[in-house]
Amino acid sequence: MAGEEERRGALEAAALSDLAVRLRKYFATVAAAYSFFFYGTVMASYWLAVAAISLLAEAGDNPVYWISATAATIPVVVLAGLLSGAARPKTGSRTWRRKGRLAGFIYALTFALAFLTAGALNPALASVAWYPALAVAHLLVHLFIEREAYRRGEMAARPFLVCGFSALATTPPVFLAALRNLVAGWLLALSLVLASYSVAAFVALKGASRAFETRGEREGGELRGSSEGG
Numbered sequence: 009m010a011g012e013e014e015r016r017g018a019l020e021a022a023a024l025s026d027l028a029v030r031l032r033k034y035f036a037t038v039a040a041a042y043s044f045f046f047y048g049t050v051m052a053s054y055w056l057a058v059a060a061i062s063l064l065a066e067a068g069d070n071p072v073y074w075i076s077a078t079a080a081t082i083p084v085v086v087l088a089g090l091l092s093g094a095a096r097p098k099t100g101s102r103t104w105r106r107k108g109r110l111a112g113f114i115y116a117l118t119f120a121l122a123f124l125t126a127g128a129l130n131p132a133l134a135s136v137a138w139y140p141a142l143a144v145a146h147l148l149v150h151l152f153i154e155r156e157a158y159r160r161g162e163m164a165a166r167p168f169l170v171c172g173f174s175a176l177a178t179t180p181p182v183f184l185a186a187l188r189n190l191v192a193g194w195l196l197a198l199s200l201v202l203a204s205y206s207v208a209a210f211v212a213l214k215g216a217s218r219a220f221e222t223r224g225e226r227e228g229g230e231l232r233g234s235s236e237g238g
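Our numbering puts the first residue of the sequence shown at 9, with every later residue one more than the last.
Derived by calculation from the structure, the hints in this document are not laboratory data.
Please note that the accuracy of each hint is not assured.
DMTMM-like, lysine to aspartate or glutamate: derived pairs with alpha carbons at most 20 Å apart [claimed, not checked]: (1) K107 <-> E162; (2) K107 <-> E156; (3) K214 <-> E162.
Kindly produce the complete structure, drawing on both the sequences and the hints.
Here it is as structure tokens:
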């Protein structure tokens, strides 16, 4: 009896430890999904406001206006990051807690480079320079932060990789549309961003749900085994 109780206690301790690990992974992955929904909403709101102002000010063909709007995304993203960080649960990926600030630097640097190069581009391309910059930033975040968190088992999905690759792959049609019609290219870029963010968030939520599905299946097998053995 004592041996059976010790065995049962060890199994319960292992189950609690496993649950804690899975909860951290779950919260980290759900937080990533939440980030894509949150940032997608912020960026869509910002660029729709930029478009409305361009129509009111008749600045649709003014490259200075679009370059300035692209540069202004830097403080917008920084502010969104501060708000998102304040609302995010502290439990989650240790890698993200350790390297999270690097993501802000990556986005700021990438958009700064996009701003500096936009002046040398065709005005139509300058209006959508932020789109490939965003794709590159997502891929860099995956390379320097998300990949490590995923390999360590701290996240159940790689939404930054999915989003970055999707945006980079769809950059050529965005450029082609912008060259034909500046507003059309810009609208296509915005719609594709929202689509890729939605896909990335879905991938993250699906990965988070799998963590508990797997645990439930294993625990069910252990319980059945214990019952049969008894």
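Outcome of the hint check:
no., hint, verdict
1, K107 <-> E162, "holds (13 Å)"
2, K107 <-> E156, "holds (10 Å)"
3, K214 <-> E162, "holds (15 Å)"
Violated hints: none; the structure is consistent with every hint.
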